[in-house]
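Asker: From first to last, the protein sequence lines stand for chains A and B. In terms of full-length UniProt numbering, the first sequence has 350 at position 350, counting the first letter as 1, and numbering is strictly consecutive. In terms of full-length UniProt numbering, the second sequence has 152 at position 152, counting the first letter as 1, and numbering is strictly consecutive.
Derived by calculation from the structure, the hints in this document are not laboratory data. A couple of the hints might just be wrong.
It does not matter which identical chain is meant; a pair holds if it fits inside one copy or across any two.
Unchecked claim - Think about it this way: if two alpha-carbon atoms lie no more than 35 angstroms apart in a straight line, the pair counts; the simulated DSBU-like pairs of lysine-lysine are: (1) Lys-45 <-> Lys-171; (2) Lys-548 <-> Lys-652; (3) Lys-290 <-> Lys-105; (4) Lys-217 <-> Lys-514; (5) Lys-45 <-> Lys-172; (6) Lys-105 <-> Lys-514; (7) Lys-45 <-> Lys-640.
Protein chains: 2
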Amino acid sequence: MMLGVYASAAAEVLATVSSPNRAINVAVQLADDGRLAYEIQRNGKPLIATSRLGFLLANAPQMDNGFTLASQAVSEHDDTWEQPWGERRYVRNHYKELRLELVQKALDNRRMALVFRVFDDGVGFRYEFPEQAQLPETRISDELTEFVVAPPAYAWWQQAGEQAALEYAIKKSPLSEVGMANTPLTIRTKDGTHIAFHEAALVDYASMWLRKVEGQKLRAHLTPSAFGPAVQRRGAFTTPWRTMQIADNAAGLYMSDLVLNLNEPNKLGDVTWVHPSKFVGVWWEMHLEKSTWGSGARHGATTANAKRYIDFAAQNGFRGVLVEGWNLGWDGNWSGSGSAFSFTEAYPDFDLAGVSAYAQQKGVRLIGHHETGGNIARYEEQMDAGYQLYAKLGVDSIKSGYVTDAGAALFPGADGAVHFGYTDSQEGSRHYLKAVTEAARYKLAIDTHEPIKDTGLRRTYPNWISREGARGMEYNAWGSPINSVDHEVNLVFTRMLSGPMDYTPGILSLEGVKGRPINSTQAKQLASFVVIYSPVVMAADLIENYEKYPGPFKFIKDVPTDWSDTRVLHGELGEYATIARKDRRSDDWYVGSVTDGNARVLSLPLTFLDPGKRYVAEIYRDGDHADYRTIRRFDIVIEKKNVTSKTVLQLKLAPGGGQAIRFTSQ
Amino acid sequence: MMLGVYASAAAEVLATVSSPNRAINVAVQLADDGRLAYEIQRNGKPLIATSRLGFLLANAPQMDNGFTLASQAVSEHDDTWEQPWGERRYVRNHYKELRLELVQKALDNRRMALVFRVFDDGVGFRYEFPEQAQLPETRISDELTEFVVAPPAYAWWQQAGEQAALEYAIKKSPLSEVGMANTPLTIRTKDGTHIAFHEAALVDYASMWLRKVEGQKLRAHLTPSAFGPAVQRRGAFTTPWRTMQIADNAAGLYMSDLVLNLNEPNKLGDVTWVHPSKFVGVWWEMHLEKSTWGSGARHGATTANAKRYIDFAAQNGFRGVLVEGWNLGWDGNWSGSGSAFSFTEAYPDFDLAGVSAYAQQKGVRLIGHHETGGNIARYEEQMDAGYQLYAKLGVDSIKSGYVTDAGAALFPGADGAVHFGYTDSQEGSRHYLKAVTEAARYKLAIDTHEPIKDTGLRRTYPNWISREGARGMEYNAWGSPINSVDHEVNLVFTRMLSGPMDYTPGILSLEGVKGRPINSTQAKQLASFVVIYSPVVMAADLIENYEKYPGPFKFIKDVPTDWSDTRVLHGELGEYATIARKDRRSDDWYVGSVTDGNARVLSLPLTFLDPGKRYVAEIYRDGDHADYRTIRRFDIVIEKKNVTSKTVLQLKLAPGGGQAIRFTSQ
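Construct the complete structure from the given sequences, taking the supplied hints into account.
Answerer: Here it is in C-alpha cells:
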C-alpha cells in the first residue's frame with residue numbers, strides 16, 4: 001500500500017491566469033489531499049494536461065501534498081529594457097503574474113510560494129521558499145514538476161545524464177520515445193504548435209533534465225550532486241524558472257525573449273568593457289593535428305605563431321586573437337584529476353607579455369584562455385591569479401574550458417576530499433557563475449566551453465559573453481563522427497533558444513583531419529555567421545585558407561556580431577532556417593539561410609529593410625551545381641544587386657548549402 | 001569538447017564464454033582507450049549489442065576506461081541444491097563462469113574484476129571491487145552498465161523513480177518508449193525471444209532502475225541515496241548480479257531459477273521454524289471501511305474480533321491469523337515522520353497475550369504485524385523489542401509494512417538528523433535485510449510489505465518468506481483505480497519472476513468498497529492461489545463471504561502453499577497463464593489458469609501427472625456464461641472427473657476468468 005496512490009484524485013481549480021493576449025491560459029489545481037498541479041490551454045485547446053508540482057526533501061517531509069491556499073494575487077507587468085549587446089537592442093517584457101502563497105498546515109504551517117508568469121509567447125513558473133524556522137535548510141532530493149504534453153508530438157532532443165553533457169547530436173523522435181533529455185527540448189505537436197521546454201536563471205540550483213515517465217509525461221530530474229541531495233540551500237531561495245516557450249511555428253520560438261525576460265536585470269552596471277567582436281587564433285590547427293597544445297617541436301602556441309595571427313587579425317579587422325596551449329600543463333594527461341594546469345606560467349617558447357603588447361600595438365587584443373581539464377578545485381585556487389595576470393596585460397576576455405572525461409568535474413569539498421560531480425550540478429552552477437562574477441571584478445568577459453547550459457544569465461551578468469554547450473565545429477575536425485548535414489538547422493530551434501553559442505564557423509577549406517570533407521558548402525559556412533548567434537565569433541579556419549578564398553572571406557570580415565534587431569524569416573525544425581539581423585552600429589542588414597541535406601528555393605521578401613531606402617545586396621550563394629556531397633561544395637557565386645524593401649529575392653540553397661547576404665544602406 | 005566523445009571506438013574482443021548448451025555466447029570487448037563492453041548472441045544471432053560497463057565514482061577518477069586485462073579464467077559449475085520451501089524442491093545450478101581481472105594502470109594499478117555467469121537460461125554478471133589502498137572507500141555516483149537490445153522488442157514494465165515504488169500498473173509499450181523502469185523488466189523481441197532484466201543478491205547497494213537512453217538502449221540508474229552518492233562502501237565488495245533471463249517464450253522465463261542460483265546459499269542453517277501456510281485475518285474489513293485500523297467504536301483489532309477469526313481459522317485449517325491495528329499509533333497521521341507506532345503496546349481493547357494464547361490453544365498462530373509508516377529510524381529503535389515480544393508470545397512470523405507517501409522513508413542518520421530516502425536505496429537495502437537477519441535470531445519469518453524489490457535473497461535468508469512489492473488485491477478495495485483485468489497475467493511474467501508475492505487472493509465476494517465489482521470471476525480468485533506464488537498466502541475475504549460460498553471456499557482450504565515442483569503449461573505475456581504445481585507434502589497436483597479480458601479455451605494435456613497413477617480432478621471452472629463484466633462473474637461450476645496423465649482437459653476460461661483444479665492421487 002502506498003498512500004500517494006490511495007489518495008483521491010478529485011481536484012478543484014485554485015486559480016487561473018491568462019497571457020496578456022488571452023491566448024494562453026494557466027489553471028492551478030489543488031486536489032482533495034492538497035496536491036498541486038497545473039494545466040495549460042492555448043486558444044481554448046489543452047496543451048499541457050494536469051501536471052504535478054512539488055518536491056521530495058531529504059531532510060523533511062515531502063512538499064507535494066497537504067497544501068492549502070493562504071493568498072493569491074494577479075498582477076500585470078509591461079516594460080521594455082535595453083540589452084548592452086544581443087540579437088536585438090530592445091526587449092519587451094510583458095506578462096501577467098499569478099502568485100500563490102501556500103501552506104502545509106499539518107507541517108507546522110510550512111510555507112512555499114508558486115509564481116506563474118504568462119506571456120503571449122509562453123509560460124514560466126518557479127517555486128519560492130521563504131525563510132522559515134520550520135525549514136532552515138532545504139535539501140531537495142527530487143523535484144516532482146511535470147510537463148504532460150496533451151496533443152501527440154515529435155521532439156528534437158539531446159540526451160542527458162551521460163558523459164558528453166551538452167555535446168550529443170540532436171535527435172528527432174516521437175515525444176513518447178524521449179528517454180532523459182537536456183533542455184531546451186523542443187517539440188512540435190500534431191497541430192503544429194511548437195513548445196521549447198527549458199529553464200531560466202539557473203543560479204545555485206541543479207540543472208533540470210527532463211525524464212520521460214510514460215506516454216508524453218515528462219518530469220523534472222535534477223542533476224545529481226557529488227555532495228548529497230541534488231540541491232541544498234539555507235534560508236530563503238527561489239528555484240530557476242521552468243519555462244515553456246510556445247509558438248505557432250519554429251520561427252516564433254526563436255523570436256521569443258521569454259527566457260531573458262525571466263532573468264534578473266543587469267547587476268554589473270556599465271559593461272562597455274564587454275566587446276562583441278570576431279577573433280581568429282591558434283586553435284583549428286591543433287584540431288587538424290598540424291600542431292599540438294602540448295610543448296615540443298610542433299607546439300602551436302609559440303610567440304612567432306601568435307604574432308602571425310596577430311598580424312593577420314590586424315590586417316583583416318579582427319579584434320581578437322586566441323592562443324590555446326600557451327600555459328604549462330598541456331603535456332601528458334591534462335583532463336580530470338590528472339590536470340596540472342598553471343594559469344600564470346607560460347611555456348618557454350611563448351612570451352605572454354611580449355605577445356600581449358605586440359597585439360595591443362597592432363590594435364588587437366589577445367583572448368585569454370583557461371583550460372581547467374574539469375579540475376574545478378584546482379582552478380578555483382588559481383582563478384584569481386589567472387584573472388589578475390590577464391587584466392594586467394590588457395586582455396579583456398577569456399575563453400575557459402572544462403574538458404572532462406565522463407562529464408564529471410572535480411569540485412572542491414569542505415573536507416579537502418575529492419568530489420567528482422556533474423558540471424550540470426548545483427555545485428557546477430555555483431562554480432560557473434562564480435567564474436563570471438569574479439571575472440567581472442577585473443572587467444573580463446567569459447566565453448565558457450564545456451559550460452553549464454545557458455539559461456539567460458547573460459542578462460544579469462553581461463560579461464558572460466558566450467558559451468559552447470553543443471557540438472561545435474571541432475567535431476568536423478575529429479570525425480567522431482562529424483556533424484550531420486542538418487546540425488545547424490537543428491541547433492537553431494533547440495540549443496540556440498538558450499543563448500549565444502561559440503560555434504567557430506567559417507571553415508572555408510570544408511575539411512577536417514586527413515582532408516575529410518565536412519557536411520557543408522562554402523556558402524553555408526558564411527551563412528552560419530548570421531544564423532548561429534554569438535556576440536563573440538571565431539573565424540576558425542587557418543590563415544592560409546582565408547588567403548586562398550578572398551571572395552567568401554570578405555563576408556567574414558564584414559559581418560558584425562552585435563545586432564539591433566533580429567527576424568526569423570523562415571524556419572522548420574531540422575530542415576532550414578533563414579534569419580535577418582540588423583547591425584547594431586549601422587543601418588546594414590545581414591541575412592543567413594541554411595538548409596539540411598535537401599536543396600530548396602525559398603522566397604525572401606525583403607520587407608524587413610527600411611522602406612524607402614536603397615540597398616546594395618552582396619549575395620554569397622551556392623553555385624548552381626553546388627552540393628555538400630561532392631567537390632562542388634566549393635561552388636560559390638558572389639554577386640551584387642540593388643534592392644529595396646519591396647524586392648523579393650529567391651534563395652536557392654544547394655543540398656547541405658546556404659546563403660549569406662549583406663545589405664548595405666546607400 | 002568532451003574527451004569521451006573524441007575517443008576512438010575501435011575495440012577488440014577480450015574474452016568470450018558460452019552457456020553449457022552453447023546457445024548463449026557472451027563476448028567482452030576492450031576498446032583502444034581501455035573501455036569495457038559486452039555483447040550477447042543467442043543461437044548465433046545478436047541479442048544484446050555492444051553495451052558499456054563501468055562506473056562514475058564520486059571520490060576518484062571514473063572506472064570506465066584505461067583498463068587492461070590482468071588475467072582471465074573460465075570455469076564450469078554444476079550442482080543441484082534443495083530449497084527449504086519454494087516452487088520446486090530441487091534446483092539445478094549449471095553455468096560457465098568467466099572471470100576477468102582488470103587493471104587501470106594510469107591510476108596506480110587500480111583493480112576491478114568482472115564476472116560473467118552464463119546459464120542455458122540466461123546471463124548474470126557482476127563487478128567485484130577488491131580491497132586496495134588506491135580505493136579504500138568506493139563512492140559510486142553512477143553505474144554505467146548498459147543493456148542495448150538488438151532486435152526490435154516490446155516491453156512489459158513498471159515505472160521507477162516515483163512515489164508508488166513498486167505499485168504501479170504494469171504497462172506494455174515498444175521498448176523504445178520505456179522511460180525509467182523498475183526491474184524485472186520483461187521484453188519480447190520480434191522473433192519471440194523473451195528476456196527479463198533484473199538483478200540478483202541486492203545487498204548493501206542501491207537498487208538498479210533501468211533508464212532508456214535512446215532507441216533500445218537501457219542503462220542502469222542507481223536509486224539515489226539520502227546520504228550522498230548512490231552507493232558508498234568501504235573495502236572489498238561486489239555489486240549485485242545484473243541478470244538477463246532468456247527464453248524462447250514466457251513460460252521459459254518463469255521456469256528459470258537463474259536469480260535464485262546467483263544468490264548465496266542458505267546462511268541460516270536449520271529453518272524448519274519457517275512455516276509455509278495460509279492465514280486469514282482482520283485486514284480486508286478495514287480496506288472495505290467496515291472497521292478501522294485506528295482506535296474507537298469501529299476498531300477492527302479487538303480481542304473479540306481476533307478470536308472470531310481464530311475460531312474460523314481453526315475450524316477451516318488455516319495456520320495463521322493476522323490482526324492489523326492492534327498496537328498504539330494508528331490514530332492520526334501514521335505515515336512518514338508523523339508515525340508514532342509502538343511495537344509493544346496494544347490498544348486497551350486488544351489483549352495481545354490473551355489472543356496469542358487463545359490462538360495457540362486452538363492450534364493457530366497469531367501473525368505479527370509491524371507497520372512502520374516508513375519511519376525506519378523509529379522502527380530500528382524498537383525493532384528488537386517488537387521481535388522479542390512476539391517471540392515470547394509464540395508468534396513465528398511477522399508481516400511488516402512501510403506505508404509511505406512519496407516513496408520516501410525516514411532513515412536514521414549518524415548525525416541524528418532527518419534523512420528521507422527511497423526504500424529502494426542502498427540504505428533501504430541495508431535496513432530491509434537487517435530486519436530479516438535480526439528476525440532470524442528470534443526464529444521469526446518476515447513478510448515485507450512496501451518492500452525493497454525481491455532479488456532472490458530468500459535463498460540466503462529463507463525466513464524472508466514473502467513480500468508485497470506490486471499492486472495487491474487491496475487496490476480492488478480502494479478503487480484508485482482497481483486492478484485491470486490483465487493484472488494477474490501481467491504479474492506472472494514480470495513481478496513474479498523476482499520471487500513470492502503476498503497478493504491476498506480469494507475475494508469470493510468479488511467486490512471492493514461500496515460494492516464496486518472487481519475485474520475477476522470467482523474461479524479466477526481460486527486460480528490465483530496457484531498462479532501467484534507465495535509460501536504464505538492470506539485468504540483475504542471476510543468470514544461471512546467464505547461462509548456464503550462454501551463450494552469455492554473448499555479449494556481455498558485445500559490448496560497448499562509449498563511445492564515440490566512447478567510447471568508453466570501455458571503463458572503469454574499479458575494474456576494468460578496456466579501453472580501446475582505439485583504439493584510438497586503429498587502426491588497431489590494443483591493447476592491454476594487465468595486469462596485477461598478475453599475468453600479462451602486452452603488444451604491441457606495432463607502429462608505432468610505421474611504416469612500410471614489415477615487421479616480425481618476437482619475442477620472449479622467458470623460457468624458457461626461467466627463474465628467478469630456482469631453479475632455472471634459469480635458463475636462457477638464445481639465438478640469431479642477421473643483422470644490420468646493421458647487425459648487432455650479443455651480449460652474454458654471466461655472473460656476475466658480462470659480455472660482451478662486439484663488432482664488427488666488415488
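Asker: A separate judgement is required for each hint: does it hold in the structure or not?
Answerer: We went through each hint and held it up to the structure:
1. Lys-45 <-> Lys-171: both (28 angstroms within a copy, 28 angstroms between copies)
2. Lys-548 <-> Lys-652: within (25 angstroms within a copy, 83 angstroms between copies)
3. Lys-290 <-> Lys-105: Between copies only: 29 angstroms across, 68 angstroms inside.
4. Lys-217 <-> Lys-514: between (45 angstroms within a copy, 32 angstroms between copies)
5. Lys-45 <-> Lys-172: both (25 angstroms within a copy, 29 angstroms between copies)
6. Lys-105 <-> Lys-514: between (68 angstroms within a copy, 31 angstroms between copies)
7. Lys-45 <-> Lys-640: neither (48 angstroms within a copy, 60 angstroms between copies)
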